[in-house]
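Asks: For the protein sequence lines, the chains are A and B, in the order given. Just so it is clear: in the first sequence, position 36 is 107 by the numbering used here, and no numbers are missing. Just so it is clear: in the second sequence, position 93 is 319 by the numbering used here, and no numbers are missing.
Keep in mind that the hints were calculated from the coordinates and are not lab data. We put the CB at the ideal spot given by N, CA and C, even for glycine. The reader is advised that the hints may include incorrect statements.
[Said to hold, decoys possible] One-sided excerpt, in silico: chain B residues whose CB lies under 8 Å from chain A:
| hint | residue |
| --- | --- |
| 1 | Phe261 |
| 2 | Gly269 |
| 3 | Glu270 |
| 4 | Leu330 |
| 5 | Phe332 |
[To be verified] Calculated lysine-lysine pairs in the BS3-like style (CA-CA distance at most 27 Å, straight line):
| hint | chain 1 | residue 1 | chain 2 | residue 2 |
| --- | --- | --- | --- | --- |
| 6 | A | Lys82 | A | Lys141 |
| 7 | B | Lys296 | B | Lys264 |
| 8 | B | Lys229 | B | Lys296 |
| 9 | B | Lys264 | A | Lys128 |
| 10 | B | Lys339 | B | Lys242 |
| 11 | B | Lys229 | A | Lys128 |
| 12 | B | Lys264 | B | Lys229 |
| 13 | B | Lys264 | A | Lys82 |
| 14 | B | Lys229 | B | Lys339 |
Residue strings, one per chain:
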Amino acid sequence: DAGITQSPRYKITETGRQVTLMCHQTWSHSYMFWYRQDLGHGLRLIYYSAAADITDKGEVPDGYVVSRSKTENFPLTLESATRSQTSVYFCASSESPGLGYEQYFGPGTRLTVT
Amino acid sequence: AQKVTQAQTEISVVEKEDVTLDCVYETRDTTYYLFWYKQPPSGELVFLIRRNSFDEQNEISGRYSWNFQKSTSSFNFTITASQVVDSAVYFCALREGTGGGNKLTFGTGTQLKVEL
Numbered sequence: 072d073a074g075i076t077q078s079p080r081y082k083i084t085e086t087g088r089q090v091t092l093m094c095h096q097t098w099s100h101s102y103m104f105w106y107r108q109d110l111g112h113g114l115r116l117i118y119y120s121a122a123a124d125i126t127d128k129g130e131v132p133d134g135y136v137v138s139r140s141k142t143e144n145f146p147l148t149l150e151s152a153t154r155s156q157t158s159v160y161f162c163a164s165s166e167s168p169g170l171g172y173e174q175y176f177g178p179g180t181r182l183t184v185t
Numbered sequence: 227a228q229k230v231t232q233a234q235t236e237i238s239v240v241e242k243e244d245v246t247l248d249c250v251y252e253t254r255d256t257t258y259y260l261f262w263y264k265q266p267p268s269g270e271l272v273f274l275i276r277r278n279s280f281d282e283q284n285e286i287s288g289r290y291s292w293n294f295q296k297s298t299s300s301f302n303f304t305i306t307a308s309q310v311v312d313s314a315v316y317f318c319a320l321r322e323g324t325g326g327g328n329k330l331t332f333g334t335g336t337q338l339k340v341e342l
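Work the whole structure out from these sequences, hints included.
Replies: Put into structure tokens, the structure is as follows:
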């Protein structure tokens, strides 16, 4: 199906473990984004990517790593998960945001770190 | 730095009432873009509208309308004759045109509850 997908949709992990959240889009959008959503904070940008092999930090990048070897994929890795990283994670994609194009969001991954 | 304020944390209305969700933004850019997204109880984020800073015309789409006023830095969203299906969290967002590192800044959202 066309669109943007995330996997897994739900994940429970233990403190200190490495976790990778996957994001895949079929629109060939150049830009991809990772946000986390927490009560009282709205959505906050973790990392974004302007193209394959080009990534940059957002507002809350600490504790996260991203890569983008292919245009359609943008995985997010928590190298050593902490309880403060319990959140809902949204991936998004967009055509050139500099031209004001809207971002389209995936369904989200609910991550719980115990 | 860019900032979006949605002062209304939660609004409850009875079906068929009109309701306005407020959004106030801050930016130093003269070129910027404003967005509204809807997040229903199922959790996905649904794009509703985009507005650029050069276009102050109000927009109407069915029961939805948006009032963009640069003079007050506001981009308010009105739902006319609200329905239960409108119950959701609504987010206003801002993207600066020349700075901000491609960052889309969201407000904290307004929870709208429409009751029968």
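Asks: For each hint, tell me whether it holds in the structure or not.
Replies: Verification of the hints:
{"no.": "1", "hint": "Phe261", "verdict": "holds (6 Å)"}
{"no.": "2", "hint": "Gly269", "verdict": "holds (5 Å)"}
{"no.": "3", "hint": "Glu270", "verdict": "holds (5 Å)"}
{"no.": "4", "hint": "Leu330", "verdict": "holds (6 Å)"}
{"no.": "5", "hint": "Phe332", "verdict": "holds (4 Å)"}
{"no.": "6", "hint": "Lys82(A) / Lys141(A)", "verdict": "holds (24 Å)"}
{"no.": "7", "hint": "Lys296(B) / Lys264(B)", "verdict": "holds (23 Å)"}
{"no.": "8", "hint": "Lys229(B) / Lys296(B)", "verdict": "holds (15 Å)"}
{"no.": "9", "hint": "Lys264(B) / Lys128(A)", "verdict": "holds (26 Å)"}
{"no.": "10", "hint": "Lys339(B) / Lys242(B)", "verdict": "holds (12 Å)"}
{"no.": "11", "hint": "Lys229(B) / Lys128(A)", "verdict": "holds (18 Å)"}
{"no.": "12", "hint": "Lys264(B) / Lys229(B)", "verdict": "holds (19 Å)"}
{"no.": "13", "hint": "Lys264(B) / Lys82(A)", "verdict": "holds (24 Å)"}
{"no.": "14", "hint": "Lys229(B) / Lys339(B)", "verdict": "holds (25 Å)"}
Hint compliance for this structure: every hint is met.
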